[in-house]
Amino acid sequence: MPTEIPPLPPIEQAQTPQVSVDQLQNAIGFQESSGDYRAYNDYSYGKSNPALGKYQMLWTTLSEAAQRNNIDPPASQEEFLNDPRKQEQIADALFDEYIQQAYKDTDDLDTAIRMAAAAWYGGPGNMKNYDDDTPQGDYPSLRHYTRSVLQKYKRGGM
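According to this note's numbering, numbering within the sequence shown proceeds without interruption in unit steps and concludes at 177.
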């Protein structure tokens, strides 16, 4: 007796492709610092709020994200730079937040990746501006940044 094959689900129930958090983190970590956990940049916001580590998280952003997600915040910038595990833990929480927010506005994989990258680069308020071509001061536009991240994502994060 032949095995019965169940019918396919209706199209509206088909799964939307999901962003790989690991792959997106790899793409942004490479984009921001070439994967350097000790990277330090105080150019934009000064020594009190530098961009730190592999993902170039602002000191204030990473501290708030740690507290919001019940993660022990680092006691100092130096401690954070010397703790790759902590960097990954806080980045995981932020990327999860940004991806969930992006999927509230789109079910397109490429757009969700670019929206999450825009939030990472310019803050959550810039998520919908992922295709804005206005330069960010001395830095590239959101369009340039998010397209570059998407290309790295599609190459497996590099």
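Rather than coming from a laboratory, the hints here were simulated on the basis of the structure. One or more of the hints may lead you astray.
Unchecked claim - Derived pair list, reagent style DSS-like, types lysine-lysine, alpha-carbon separation capped at 27 Å:
{"#": "1", "residue 1": "Lys173", "residue 2": "Lys123"}
{"#": "2", "residue 1": "Lys123", "residue 2": "Lys66"}
{"#": "3", "residue 1": "Lys147", "residue 2": "Lys173"}
{"#": "4", "residue 1": "Lys147", "residue 2": "Lys123"}
What the hints assert, rightly or not - Computed beta-carbon distance windows for the label pairs:
{"#": "5", "residue 1": "Gln155", "residue 2": "Lys66", "range": "17 to 25 Å"}
{"#": "6", "residue 1": "Ser39", "residue 2": "Gly144", "range": "23 to 31 Å"}
{"#": "7", "residue 1": "Asn68", "residue 2": "Ser39", "range": "24 to 32 Å"}
{"#": "8", "residue 1": "Pro154", "residue 2": "Asn89", "range": "34 to 42 Å"}
{"#": "9", "residue 1": "Asp127", "residue 2": "Glu23", "range": "15 to 23 Å"}
{"#": "10", "residue 1": "Asp129", "residue 2": "Arg57", "range": "16 to 24 Å"}
{"#": "11", "residue 1": "Ser39", "residue 2": "Arg87", "range": "29 to 37 Å"}
{"#": "12", "residue 1": "Pro159", "residue 2": "Glu23", "range": "50 to 58 Å"}
{"#": "13", "residue 1": "Gly65", "residue 2": "Pro103", "range": "57 to 65 Å"}
Predicted model only: the values in this text are computed from it and were never measured. Backbone N, C-alpha and C fix where the C-beta goes; we use that ideal spot for every residue, glycine too.
Report task. Please write out, lowest number first, the hints stated earlier that are contradicted by the structure. Result -> 2, 9, 10, 11 and 13
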